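Heads up: the sequence lines are chains H and Y, in that order. Using UniProt numbering, you'd call the opening residue of the first sequence number 1 and step up by one each time. Using UniProt numbering, you'd call the opening residue of the second sequence number 1 and step up by one each time.
FYI, nobody ran anything at the bench for these hints, they're computed from the structure. Computed from a predicted structure; not experimentally measured. Note that CB positions come from ideal geometry on N, CA and C, so glycine has one too. Warning: the hint list may mix true and false statements.
[To be verified] Example chain H residues on the side facing chain Y (calculated, C-beta under 10 Å, incomplete):
1) M3
2) R6
3) P8
4) V9
5) R11
6) N77
7) E79
8) V170
9) V174
10) L178
11) S235
12) N239
13) D270
14) P274
[Said to hold, decoys possible] Here are the simulated DSBU-like pairs of lysine-lysine, each with C-alpha atoms no more than 30 Å apart in a straight line:
15) Y:K241 / H:K273
16) H:K23 / H:K162
17) Y:K225 / H:K97
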Amino acid sequence: MAMEMRLPVARKRLSETLGRESKKHLVVPGDTITTDTGFMRGHGTYMGEEKLIASVAGSVERVNKLICVKALKTRYNGEVGDIVVGRITEVQQKRWKVETNSRLDSVLLLSSMNLPGGELRRRSAEDELAMRGFLQEGDLISAEVQAVFSDGAVSLHTRSLKYGKLGQGVLVQVSPSLVKRQKTHFHDLPCGASVILGNNGFIWIYPTPEHKEEDAGGFIANLEPVSLADREVISRLRNCIISLVTQRMMLYDTSILYCYEASLPHQIKDILKPEIMEEIVMETRQRLLEQEG
Amino acid sequence: EDLRVDGRGCEDYRCVEVETDVVSNTSGSARVKLGHTDILVGVKAEMGMPKLEKPNEGYLEFFVDCSANATPEFEGRGGDDLGTEIANTLYRIFNNKSSIDLKSLCISPREHCWVLYVDVLLLECGGNLFDAISVAVKAALFNTRIPRVRVLEDEEGSKDIELSDDPYDCIRLNVENVPCIVTLCKIGYRHVVDATLQEEACSLASLLVSVTSKGVVTCMRKVGKGSLDPESIFEMMETGKRVGKVLHTSLQSVLHKEESLGPKRQKVGFLG
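All chains, please: the whole structure from these sequences, using the hints.
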């Protein structure tokens, strides 16, 4: 039984410890980016009084003649092809409403959902009545973005066997800007757990299933108790992800794995202590720099 | 098997940060950060009339304000219910003779006494509010400095209250017997201490036990929709006593350490 009380310590500025060569151009809403009118405006900017002004707080990115401001903390903006992890909030007539940390609830149409057994047929009235049997309010699913409506709402589909209802695991909610875009977002880490890095900032950590079930199609949730060793790995991964997020590092499979390895000498519950968190993330950062360089 | 989602055991607390004397215009103040829960307590000492049934004692008044910064549910009137519930719990745990020596707060019987107005401000809500609030109240009372006053009698019999000239001449309260609340949430078949927001959502019933530093239970309260059977209540009470004693010793050591740093210590405050 552990109880630790301490006096607060002033936070250190991150930039001093990093020693970055190139300074990012950071702006807040209302800052002038440039007075040169030859640039095209991208996301996060607007034209006012002959100047280009930022409308969100973030870093300025410039690609040739296009200037845009990438916000540091936003809600998720859907792009076609993104993987998201969401929670069902409502069951409506022919669709489910899914919460994905965006401005509007996303939509999962019944016709975009795989039927159990992988059948391909037109959805009938019985399917509509049995919707609650597939997905109820509160269930977690992994899905892919099929289309984006004009108002920004996102339409999802689970048209592949790797998507569907999620079983036992741990959900970590982070800011969507910290999840790096990669070829695949489903990773089986060698430490014994698997992770789904949703582009919307929802990260799902679950124990690696021993054998892939081909015919389930993601409907049957495995409710057997998870072993203690697996649970320890998952807790450690969760704490590592939280420490990476606190230090504003991008999340992808390599960074999470290096952070996990750096945290092995410490106890799982100690990872969340501020000084140990800093130490682990510094080590991860160094290893990533070495790997790139 | 004693493993929670963040790796803690069932009786482990998250890391707590305590700082006193953060608000300059109060008699005493404290700020406690327990994970994502952030509480600010200010104590103001004012002179008032003693209560009719207790003419030789001063008293404490509690007020809890759930700031809308904590959660969107607290916007407008939403936080009032929770605030009154917490304030009533604080009144109950201080409602006995041994928690605070109220006789030391009396200036002249039936006429003047010190009234301590304890204001609690909830800045961020991250689970386990009661524990954090009780720790902050204890730290703020430890930090409270009440100016020393003398009562002078005139020849006609009218009394005059004189404040001493030295601003550092004050009386401190003895907070050894001030209790702290330990919340035990029942999740499944086990009970956990210091639940996060997610763990509180999974628990149907919890027990609030108010424990002094010697392990004496002053008051107990059950919250939640679910039921608890008597054996588990007994177990939870024993756990609460054990955990409460450790909580008190850590808090005392941190408060003494902070005091030993002296008035020149670096205050972190809110912009650290």
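_Let me make sure I understand: some of the numbered hints might not hold for this structure. Which ones are they, in numerical order?_
Result: hints 6, 7, 9, 10, 16 break, sorted rising.
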